[in-house]
Structures are given as structure tokens and as C-alpha cells.
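Chains A and B supply the protein sequences, listed in that same order.
Going by this note's numbering, the first residue of the first sequence is number 1, and it counts up by one from there.
Going by this note's numbering, the first residue of the second sequence is number 424, and it counts up by one from there.
The set of hints was computed from the structure by calculation and includes no laboratory data.
Predicted model only: the values in this text are computed from it and were never measured.
One or more of the hints may lead you astray.
One side only, chain A facing chain B, incomplete, derived with CB under 7 Å [to be verified]:
#1 Val-161
#2 Trp-179
#3 Gly-182
#4 Gly-183
#5 Ser-185
#6 Asp-272
#7 Thr-275
#8 Asn-278
#9 Pro-279
#10 Ser-317
#11 Lys-319
#12 Leu-339
#13 Pro-375
List of simulated lysine-lysine pairs, DSBU-like, C-alpha gap at most 35 Å [claimed, not checked]:
#14 A:Lys-373 / B:Lys-546
#15 A:Lys-422 / A:Lys-406
#16 A:Lys-422 / A:Lys-355
#17 A:Lys-74 / B:Lys-548
#18 A:Lys-373 / B:Lys-612
#19 A:Lys-373 / B:Lys-554
#20 A:Lys-74 / A:Lys-422
#21 A:Lys-74 / B:Lys-487
#22 B:Lys-548 / B:Lys-532
#23 B:Lys-532 / B:Lys-554
For every residue, glycine included, the Cβ atom is placed at its ideal position computed from N, Cα and C.
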Amino acid sequence: MAGNTTPTDFGNPVINWIDKRLPVFTMMQKEYGVFPTPRNFNYLWNFGAIAMVMLMVMIASGLVLAMHYTADTKLSFNVVERIMRDVDYGWLVRYIHMNGASMFFIAVYVHIFRGLYYGSYKQPRELLWILGVLILLLMMATAFMGYVLPWGQMSFWGATVITNLFSAIPLIGDTIVTWLWGGFSVDNPTLTRFFALHFLLPFVILGVVFLHIAALHVSGSNNPLGIEPKSDKDTVPFSPYYTVKDLFGVCVFLIIYAAFVFYAPNYMGHPDNYTPANPMVTPPHIVPEWYFLPFYAILRSFTIDIVIPFTDIIIISSKLGGVLLMFGSIAMMFILPWLDTSPVRSARFRPLYQKFFWLHLAVCITLGFMGAKPPEGIYTVISQICTFLYFAHYLIVLPLLNKYEKPLPLPPSIHEAILAQKK
Amino acid sequence: MGNPHSHGAQCSHDAPQKHGQEECPDNGHDESKRDFIFISAASMAAVGTGVVAWPFVATLGPAKDTLALSTTEIDLSPIQEGQAVTVMWRGKPVFIRRRTAQDIELARKVDGDATAFNSLRDKQKDTDRVKQSTFGGKEMPQWLVMVGVCTHLGCVPMGQKPTDMRGDFDGWFCPCHGSHYDSAGRIRKGPAPHNLAVPTYTFLSENRIRIG
Ligand code: HEM
Ligand code: FES
Numbered sequence: 001m002a003g004n005t006t007p008t009d010f011g012n013p014v015i016n017w018i019d020k021r022l023p024v025f026t027m028m029q030k031e032y033g034v035f036p037t038p039r040n041f042n043y044l045w046n047f048g049a050i051a052m053v054m055l056m057v058m059i060a061s062g063l064v065l066a067m068h069y070t071a072d073t074k075l076s077f078n079v080v081e082r083i084m085r086d087v088d089y090g091w092l093v094r095y096i097h098m099n100g101a102s103m104f105f106i107a108v109y110v111h112i113f114r115g116l117y118y119g120s121y122k123q124p125r126e127l128l129w130i131l132g133v134l135i136l137l138l139m140m141a142t143a144f145m146g147y148v149l150p151w152g153q154m155s156f157w158g159a160t161v162i163t164n165l166f167s168a169i170p171l172i173g174d175t176i177v178t179w180l181w182g183g184f185s186v187d188n189p190t191l192t193r194f195f196a197l198h199f200l201l202p203f204v205i206l207g208v209v210f211l212h213i214a215a216l217h218v219s220g221s222n223n224p225l226g227i228e229p230k231s232d233k234d235t236v237p238f239s240p241y242y243t244v245k246d247l248f249g250v251c252v253f254l255i256i257y258a259a260f261v262f263y264a265p266n267y268m269g270h271p272d273n274y275t276p277a278n279p280m281v282t283p284p285h286i287v288p289e290w291y292f293l294p295f296y297a298i299l300r301s302f303t304i305d306i307v308i309p310f311t312d313i314i315i316i317s318s319k320l321g322g323v324l325l326m327f328g329s330i331a332m333m334f335i336l337p338w339l340d341t342s343p344v345r346s347a348r349f350r351p352l353y354q355k356f357f358w359l360h361l362a363v364c365i366t367l368g369f370m371g372a373k374p375p376e377g378i379y380t381v382i383s384q385i386c387t388f389l390y391f392a393h394y395l396i397v398l399p400l401l402n403k404y405e406k407p408l409p410l411p412p413s414i415h416e417a418i419l420a421q422k423k
Numbered sequence: 424m425g426n427p428h429s430h431g432a433q434c435s436h437d438a439p440q441k442h443g444q445e446e447c448p449d450n451g452h453d454e455s456k457r458d459f460i461f462i463s464a465a466s467m468a469a470v471g472t473g474v475v476a477w478p479f480v481a482t483l484g485p486a487k488d489t490l491a492l493s494t495t496e497i498d499l500s501p502i503q504e505g506q507a508v509t510v511m512w513r514g515k516p517v518f519i520r521r522r523t524a525q526d527i528e529l530a531r532k533v534d535g536d537a538t539a540f541n542s543l544r545d546k547q548k549d550t551d552r553v554k555q556s557t558f559g560g561k562e563m564p565q566w567l568v569m570v571g572v573c574t575h576l577g578c579v580p581m582g583q584k585p586t587d588m589r590g591d592f593d594g595w596f597c598p599c600h601g602s603h604y605d606s607a608g609r610i611r612k613g614p615a616p617h618n619l620a621v622p623t624y625t626f627l628s629e630n631r632i633r634i635g
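In isolation and in its complexed conformation, chain A is listed as follows:
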């Protein structure tokens, strides 16, 4: 990007003129045209591009919604219904945005588990991975605040329960919560600030995505074998090979997305959110959106107070404990590159890690189911076991595997591995 880049000839005087002064075309050509990419990607490598498309869809649909939306506790519910009934194609844009949030999370979760399976978080991609976890956090904040905007019962009570998490902070917790609310409960000041932040954060995400991709283009992509490309034979230029493959993946994904939008637009939502918010009545069963359920189950799994023995002094109340575990579950992902130090990336060559990976996935999915259940009896016990297994995976299993696992021999190079497979 320095001043001494040799200008590329694009065969078009206008493009050449611009490119000489601002080498955006050279950059695109370098990063997306000829960019050498491992030749052995499978379809799991499509989900980054899919997530990017979803971000664009969310920004476009959100912008249109924002033009019709008003943040006011007395108006918001009706204004969203107006979008649904009176605004031309308002129903479509809203359903695109609503289901888009779910599809965005599906894409990102697949993208993350892809990274876990193939060890994409390992050296030299630690920072790339951390930026990704940061994007996940920002997405969660964005989706949480977006869900408050239609001001239904779930909006209100979801906002109440989640903001109250901060009251678990010792001493200053209540002050912080009052500050977050701008009052003594979730109310109009809360709604207006959530709208402002919901509008802003996607653009912050866009910025972090840019850094994420910039970091990716320094280290280059990982691949299903988890070994670095060694020669030209191991790579293909990004375009046309992966532009086309990504486009194909995006199309398939969009078809599934459209099926939800047109045939089951409320399948992933909760009917209670079509009841206007009522601060005096809590719905009997509060559940967050599906993409938060595993974290919600972890939050609720901590049911005892930890006290100093023989006294009543509570060190960690069950409330604080739950909150710490929930944030801890994401913290695990941040420090993952330093927990799993095995030099072999891909689970294909790590027979034990592979088994634990599937166990970990099953644990996360089970936690998701438990998060939707009432917190009692067997559900609490299952949540607790799964929460333990979740943390054990990161803090016990991975460090032990580093020591005791015998990885399979790695192939000498990507193209040789492919040729060997073909035979």
C-alpha cells in the first residue's frame, strides 16, 4: 500500500486514472483477485463470506426500518405493527431483519466451530481469532438491543433480566444498573439509548470485520489439512475459484433464509413479543432468542452461594456466580489460542481432539436446549453437567491433550495430500 506500488494496467483509462491516485483497484485485485488461497477448502469455508453478506443485509434492512421506526415506549410497539401492516413491503423488510439476525448467528456459529475443528485460532492467527470473538460479542450486544426495539413483552423482560446481570457486581452494581437504564427500571430512556446503540454498533462491527479480514490477508487462510501452503501448487487465485464457490454457498444460504422469511417468519421468534410490553406482569416463562440460549443455560446453572466456611459471609452469590460463568464462557474463547498449544491444527490429525470436539459441540447444543427449559429439576442438573463439561473442555481437556495426544503424521503438502486421496 506504500507509495511505491507499481500501477497495474486495468485497460481502462478511467480506472487507471483513479487507481494511480488511490490504488483501491490494485488492492482489490491483490486481496480478492490473485490472492493465493489454499486449493483444498471445503464448504465450511463459505461461512465467512455468508456472514459478510448477512451483515450487509442487516444494515440495509435496518436502515429502511429505522426510517419508519420511533423509539418511544408509548409508540414503538404500534409503530412496528404499522411497518408490518401499512408500510408497503414493510412486513418483508421487517421479516428480513428479524430472521436475518438468526441467520447471521447461524452463519457465525458455523464459522466459529469450523475454526475450532480445524485449529484456525492457532499461531499465527491468534489475533484474527480474537477479532472474531470480539465480533461475536458486538453482534450479541447489537441483537440484544435490537430485540428490545419492538417493545413487546419479551423485549421488555429480556432487557430487564439482562441489564440486571450487572447488579451482581459487588458494591457498585445497583448504581451501574440505574445508569444503564437512565432511571429506576427499563423505560423510555433505556429504549432510546438502545436504539441509538443498535444503529451504531453494526458499523462498529463493520470496522472490526475490516480488521479481521486485514489480519486474515496477512496470515492467509487456514485449510482443512491445517498445514501451510508451501508452493504455488498448493494454492489457487481467490478469483474465480473462490468468488464462484462463495457465491454458490451464499445462494444456497439465501434460499434457506428466504424459506424462513416467506414460510415461517415467526418460527425462530417468540409469540409473547407480539404482546405490548407491560412492566407490571412478567410472562411466566422468559426465554431469550435462540442464539443466546446456551449462554442463558450457563447463567442459570450456578445455583449455590459460595460462602466462607462456618460464617454467613457470601463470597460469590449464586447470582454473581452465574454472571461470571456466562462471561467466562466467552472469555474461554478469547484465551483459547493459549490453552490449545498443540502444533497440529486440524482435528483430522488429532484423533483425541476430534472426539472432544464433537463432545464439545454436543455440550453446546444441549446447553441451548436447556436454556429454553424452565430452570428446575432435571434441566438444572443437565445444565450444570454441561456447564462443567464446557469449561472442562477448555481448561482441562485441551491442556492435557497437548501433553498426551499423539497426532497422526501430517502430509508433506496440500497438493500431495490431494493427489494421494485421488489415487
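Given chain A's structure and the hints, the job is docking chain B with the ligands onto it.
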């Protein structure tokens, strides 16, 4: 500052010892002057940022009109024994229950029994949760006034309506994560850390209270 090479040849900041005082006669003097300017400018910038950031942070707290809404008066006369009403105060529900003699007895039994009392998570006597002050010569243990917000994560517990579940201790039950409160609003079972809060309130007359 960042790039010693730009000053390099004449006066290196990196290696004053090597080049010595002759080459850079003003070096020591100059450096301490620069350090002083640098440190004082940086600290002024830090203070300035803090001073400017504070109003931004403070705008997010409760505004004056929000604070102004913080008292409510309630007429208690229509409430029958055993009945409960919910009123709004600061955007939150406040539970007012006119307790039966049985409710009171149940709560006070815990007060009297040392083991039961010591097993409470948030130890508080029933007598400390109601107004003991007398008005017109009467005690008021029948009136229990509490913020109807679960101290776990803020749901509104059930138990106000006669048809509601009241939990294992015949008080209130929070369905969100299963907290059980007794007939004095004390947490007895479940994840909530504290008893239901008693707001500041005063009896204006025998049948009238002001909350806040
Ligand atoms: C990271 C990208 C985004 C995510 C994950 C997201 C998520 C959500 C969610 C879950 C809802 C609630 C949908 C419902 O139940 O009705 C929502 C509503 C809303 N969002 Fe977004 N959003 C994103 C980007 C944006 C952007 C960029 C804007 C504005 C420029 C925006 C404006 C709105 C508005 C006005 C609503 C309220 C209307 C409604 O509820 O349908 N969103 N968002
Ligand atoms: S909010 Fe009442 S038990 Fe969690």
C-alpha cells in the same frame, strides 16, 4: 518524539553517554525541559479528556424529570384483609398486601425460632420489614409494602392474585428462575440473593401511605 533518527546525527537521545556533552551541549537541559512539557501536556490532556467525558457519562443517568416522579401516594382503605394490590412506583411494581393474622404468624414464627432464622439467606425479622410506628394508637403489621421486583434478575414475582402460585412458603414465587419468598417477602429458596426490597414509605394517615 517517536523517531530518534530525525534528530539522530546531531543530538541522539538514545545515547547521550556515547556522544557526550561536547557534541550536544544542551542535551541534558533540553531533555528535561522537553520531558517536562511532554508530561505536563499529557497530564493536561488526560484531565481534559476526563472533564469532557464526565458530562457525556452523566447524561445517561436518571434525568431530573425521572427523579421528580419518584413519590406516589396510595389509599389503603379499599384493600380487604388477605388482599393485595400492585401499584406503579418509578416504573416498577410495588406490592401492598394486607396480611391475614395467619400470614403474620407464619412470618413471625421464623423470627422466634433461632435455627429457622439463621437459615435465612438475608436475615431480617418480620418486625423490621413492616412499619412498627403506630398511628392513631394502632400497630400496622398487617401492611407489607415491597418493591415487587425479584432481587435475582428483576422479574415480577407471582402471588398478588388469589389464583397465583405463591411458592413453597406461602408468599411469592418468581417464575423466571424459581425464587420462593415467604409471607414477609424474605427469600427462602432459589437464586435470588436478597429479600424483596422494602421501599421508603410513610403513613400519612391510618389509611394512606406515600412511597418514596
Ligand atoms: C449486526 C447487525 C444487526 C443485528 C444482528 C440486528 C438485530 C435486530 C433484531 C434481533 C431486531 C428485533 C427484530 C424483531 O423482533 O422485530 C432488530 C430490530 C431493529 N433493527 Fe436491527 N440489527 C442489526 C443491524 C441494524 C442496523 C444497521 C439498523 C439501522 C440502521 C437496525 C435497525 C433496527 C430497527 C429500526 C429495528 C426495530 C424494528 C423491528 O423490531 O423490526 N438494525 N434488529
Ligand atoms: S428473576 Fe426471579 S428468580 Fe430470577
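Consistency of the hints with the structure:
no. : hint                  : result
1   : Val-161               : 4 Å, holds
2   : Trp-179               : 5 Å, holds
3   : Gly-182               : 6 Å, holds
4   : Gly-183               : 5 Å, holds
5   : Ser-185               : 4 Å, holds
6   : Asp-272               : 13 Å, violated
7   : Thr-275               : 15 Å, violated
8   : Asn-278               : 9 Å, violated
9   : Pro-279               : 6 Å, holds
10  : Ser-317               : 4 Å, holds
11  : Lys-319               : 5 Å, holds
12  : Leu-339               : 29 Å, violated
13  : Pro-375               : 5 Å, holds
14  : A:Lys-373 / B:Lys-546 : 31 Å, holds
15  : A:Lys-422 / A:Lys-406 : 26 Å, holds
16  : A:Lys-422 / A:Lys-355 : 26 Å, holds
17  : A:Lys-74 / B:Lys-548  : 41 Å, violated
18  : A:Lys-373 / B:Lys-612 : 19 Å, holds
19  : A:Lys-373 / B:Lys-554 : 40 Å, violated
20  : A:Lys-74 / A:Lys-422  : 65 Å, violated
21  : A:Lys-74 / B:Lys-487  : 20 Å, holds
22  : B:Lys-548 / B:Lys-532 : 10 Å, holds
23  : B:Lys-532 / B:Lys-554 : 18 Å, holds
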